[in-house]
Amino acid sequence: MSTQLLTYLFVGASFALYIGIAIWSRAGSTKDFYVAGGGVHPVVNGMATAADWMSAASFISMAGIISFMGRDGSVYLLGWTGGYVLLALLLAPYLRKFGRFTVPDFIGERYYSKTARIVAVICLIFVSFTYVAGQMRGVGIVFSRFLEVEVETGVIIGMAVVFMYAVLGGMKGITYTQVAQYCVLIFAYMVPAIFISIMITGNPIPQLGFGSEVADGSGLSVLEKLDGLLSDLGFGNYTEGSKSTIDVFAITAALMFGTAGLPHVLVRFFTVPKVSDARKSAGYALAFIAILYTTAPAVASFARLNLVDTVHNTSYEQAPQWFSNWESTGLVGWQDKNDDGLMQYSAGADNEVTIDRDIMVLANPEIANLPGWVIALVAAGGVAAALSTAAGLLLVISSSVSHDLLKQTLMPAITEKQELLFARIAAAVAVCIAGLFGIYPPAFVAQVVAFAFGLAAASLFPAILLGIFSKRVNKEGAIAGMLLGLVFTFSYIVYFKFVSPELNSAEHWWLGISPEGIGFIGMLLNIGVAFGVSRFYAPPPAEVQNLVDNIRIPSGAAIAQSH
Amino acid sequence: MSEQPYEHQSENPSPHDHNDQKTLSQKNAASYWQANLRLLAKLLAIWFALSFGCGILLVDWLDQFTFFGFKLGFWIAQQGAIYVFVALIFIYAWRIQIIERQYGVDDDAEESSV
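Residue numbers (this note's numbering), protein chains in the order written: chain A, 1 to 563; chain B, 1 to 114.
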């Protein structure tokens, strides 16, 4: 069978599976729709969280980004995993004990204010929409690369599938499809990684192969050989950083605190039965995520090594098969500047080879000479990663509209049935808007996805954290803090990315912190202002202080859950 | 909730006992929270020392040591820290449950699936 046909078969079969699960797990109540009925097993929730979390960017782009950043790529590895420690220790158990449906629910109740709730909804929609637009685009790109359909067609097919299970099944449908998607994506990621590790080092475990000797008799380890090759070509050493320490610190912090503040991840911990399950579940989630996140840097180094080894100074006629296969997509290219028929790869102006970072994962199966079904599997895995994240994001957008805006603020008189209908309509509208973003990506989408983290770190994370750990922070403090964090971070990013992009370099940055890392400063400002402003106003009323006392105690979550 | 555990007034302890119990349970809640904060402080200190300390601030210095074929700082930043993060969450889940039982605020008796 041709690879093309196999790819259609794999992707088609995975879609049939997701839709089958959606029909089997339709939501019957708002509780089903928002929190999957609240009875999800911690391991199942951990797996669903892992799929929710690992997006098209984690699956397709991350290894490639690390491959070209070397040690500086650690910001993503540390940032996107370290945040789970904060989530498990500081937020998830208490939010589970609080036991409602959404993140703005908590902020609205804890800060006894509709304004606080609305501000939280605005932060949430802002963060989630920037994020989801990138996912839909990711679905389209995977389709266009593997199935040779237009990006637009790919986005529409992806929309239709997400529509089916997010609108029908709500959180319940999403939870069980995400479990299936996790299995597909992790298998699709590991198979080529294991074979590449065997090919380069002879060790089948990529995490160990990463530190082993290269299997070419040179006696050098993968990283020593890579450092040597790259510095010969004028690149910096792979194992040394080029970013300033303060910027690496700030970016890692912004990604960590942002991860802990992302609503679509937080809301997953509302679905487990009790507080102790929320903690364990976060542990399982990170363990499932760690499988991919510890493999990615290994794949990054293998792919870069292989690239330099097989492409540099090779004549174009003898280029490896994968190179010519992917040339037509424009992801790799060669321009013979010095007319010697050889492909020169270097850091300088004489470089003749252009390489898109995504190729480091997409071409893996061909680099390792794996059969067609592995390529088909990687396609299905990429689509699974993008769809699972998109569905989780669409759900938090729709529930914040139907629950926080309509039920809790504008139309408190609606029945549960009407609320459920509004939730479905909101999910449908959100899918369509996300699809439009995917088809007509605003020029800024690619640039802002990473900033969703900065905004979450500067707005939602501190408000939730202080709501649990301080009884003194009142609504005035929290609202001022969230608004300042959001406005400050947003303005800094917009200034350097859109208003004056020519100034976007270390000497113009405030304290040497890049727009990617500024969310960390936004978070500190938020916390400082929240405490400062709170001092000038009355402490929270007694019933709110009792609420805080109550959420600090684990017992009673299952009983307190009925809404 | 905790103020009114039973529906029928007759099942509730007399006002005097009730007050005593309330202070006791409040005291327990307060000491539980202090114990929780101490545990959190310890675990977050490890979290910070490893990720921001070893993985970022001290990474160049640690790179002089070799660890299973890796430079140590590089390995912590790209592998080791992630393993420890996973361990930290499970250690917290385990330790806090012991503390909860000690202060009688655990959720062991609650249904683990609805």
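Since the hints were derived computationally from the structure, they do not count as laboratory data.
The beta-carbon is built from N, C-alpha and C at its ideal position, and this holds for glycine as well.
Some clues are possibly wrong.
[Said to hold, decoys possible] No more than 30 Å apart at the CA atoms, straight line, and that leaves these computed lysine-lysine pairs for DSSO-like: (1) B/K27 to B/K42; (2) B/K42 to A/K337; (3) A/K337 to A/K114; (4) A/K243 to A/K417; (5) B/K42 to A/K471; (6) A/K497 to A/K114.
[Said to hold, decoys possible] These stretches of chain A come out as covered by chain B in the derived footprint (C-beta under 8 Å, 3 or more residues): (7) 257-265; (8) 290-298.
Pair hint B/K42 and A/K471, alpha-carbon separation not exceeding 30 Å: Holds. B/K42 to A/K471 sits at ~22 Å (cutoff 30 Å).
8 Å C-beta test of the stretch 257-265 of chain A against chain B, three or more residues: It is violated, with 0 qualifying residues against the three required.
Verdict on chain B covering the stretch 290-298 of chain A, where coverage means 3 or more residues with a C-beta closer than 8 Å: With 4 residues closer than 8 Å to chain B, the stretch 290-298 of chain A meets the three-residue bar; holds.
Restraint status (C-alpha distance of B/K42 to A/K337 at most 30 Å): Violated. B/K42 to A/K337 sits at ~58 Å, over the 30 Å cutoff.
Holds or violated: A/K337 to A/K114, with C-alpha atoms at most 30 Å apart: violated (63 Å)
Pair hint B/K27 and B/K42, alpha-carbon separation not exceeding 30 Å: holds (23 Å)
Pair hint A/K243 and A/K417, alpha-carbon separation not exceeding 30 Å: violated (53 Å)
A/K497 paired with A/K114 [C-alpha distance capped at 30 Å]: Judged against 30 Å, a Cα distance of about 33 Å means the pair is violated.
In summary, the numbered hints that this structure violates are 2, 3, 4, 6 and 7.
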